[in-house]
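Here the protein sequences line up with chains A and B, keeping their order. This note's numbering numbers the first residue of the first sequence as 619 and each following residue consecutively. This note's numbering numbers the first residue of the second sequence as 619 and each following residue consecutively.
Incorrect hints may appear among the rest.
Copies of one chain are not kept apart here, so a pair can be met inside one copy or by any two copies together.
Straight-line C-alpha distance at most 30 Å; calculated DSS-like pairs for lysine-lysine [as the list claims (entries may be wrong)]:
| hint | residue 1 | residue 2 |
| --- | --- | --- |
| 1 | 757 | 636 |
| 2 | 643 | 743 |
| 3 | 781 | 636 |
| 4 | 778 | 643 |
| 5 | 686 | 643 |
| 6 | 699 | 743 |
| 7 | 699 | 757 |
| 8 | 672 | 757 |
| 9 | 636 | 753 |
| 10 | 686 | 699 |
| 11 | 672 | 636 |
| 12 | 672 | 753 |
| 13 | 686 | 757 |
| 14 | 781 | 672 |
| 15 | 757 | 781 |
| 16 | 672 | 778 |
| 17 | 743 | 757 |
These are computed hints drawn from the structure, not numbers from a lab.
Number of protein chains: 2
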Amino acid sequence: MDNYPSRLLENAVNELAKLPGIGRKTALRLAMHLLRQNPVDVEMMCNTLNDMAKNIRYCSECNSISDKSICDICNSHNRDKTVICVVEDIRDVMAIENTGQYRGIYHVLGGIISPIDGIGPDDLKIASLVEKVAKGSIKEVIMAFSTTIEGDTTNFYIYKKLKGLNIIVSTIARGISIGDDIEYADQITLGRSIINRTLYENMLADSGKS
Amino acid sequence: MDNYPSRLLENAVNELAKLPGIGRKTALRLAMHLLRQNPVDVEMMCNTLNDMAKNIRYCSECNSISDKSICDICNSHNRDKTVICVVEDIRDVMAIENTGQYRGIYHVLGGIISPIDGIGPDDLKIASLVEKVAKGSIKEVIMAFSTTIEGDTTNFYIYKKLKGLNIIVSTIARGISIGDDIEYADQITLGRSIINRTLYENMLADSGKS
């Protein structure tokens, strides 16, 4: 359909269009941008991406991305090693760290159970989580997944795996986002926000902290 | 503000965030995607981009991107070499070619006059256009730029340069897009569409052609 005037350009567009959220029109725009740059700068970008793809390392404890064999969080003396927060990927670790509200450690699954994408429990670091918990020093596992079918499935699967291990298994609170109108909230979220209501004096104390 | 757990990841995000329309969150999403790929595939993408950046060639006649020294359009015997359509970049050539309505040749400026971005007439292939027209075989120059301040400025600048050369200088029609509601059209577009109205029998003939 597209009549690219150059094979070099077409190949570049094909590669860029493989990236998630980048369609062929955007890929062409990106390729045109790269053509306006100095080839040395394009090479530097490519070297940086290659360097990451080849040399990235993962924390041997929590599976988070790290330049060290054990990441700063797992290695810290100030973190509570008896509480594990289970997340999909490193972006969730960064988001939770940015809140400044969590002092435990993490366990990064490296994905989420998604039959549509062909990702099952065995593709994720679930076995190593169960193993870690089975050793006995963990008191609580907090599951922090997005509220999607895939997130709920992963929640339930991990809950079943950990149920017999005599620990607390919790999931992050669902409720009305700050700034949201109650009248536009969906029924399930609003329902859960009533069931899991917070004592007002606790909320006051929380606001004071942050 | 962001606390990347790895220098390699942070460098990759920094490079990807230089691309137009890619913010830091999207750059991180792209970097995570690349990490899930086989490093060999990332290397192939990078080689393809480098190959394009280093080896791309431009048609010596029209300045369009081409793998040959003269592009297929300039080299074709079926194109009318007395009509030149002036465009900003290769994407506009591709868009106009897709209409199947144009049989002349092109002249690619390689950009558009934009003082905000520091792009003046001397940064574009305007001198070579004037030179080409001054040789005398050109009958008409059609300017096909976006309807932005930059496009209008470029239109006017080129018009002034070509005015004395005894050729027709035209610009693509502005009017109501097909599928658009008249009541939502802006005043200027609607005004121009009335001034430059088309004989209904001509429009019927056009529809029959395409």
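Quiz item: Failing hints, ascending?
Solution: Of the numbered hints, 1, 3, 4, 8, 9, 12, 14, 16 do not hold.
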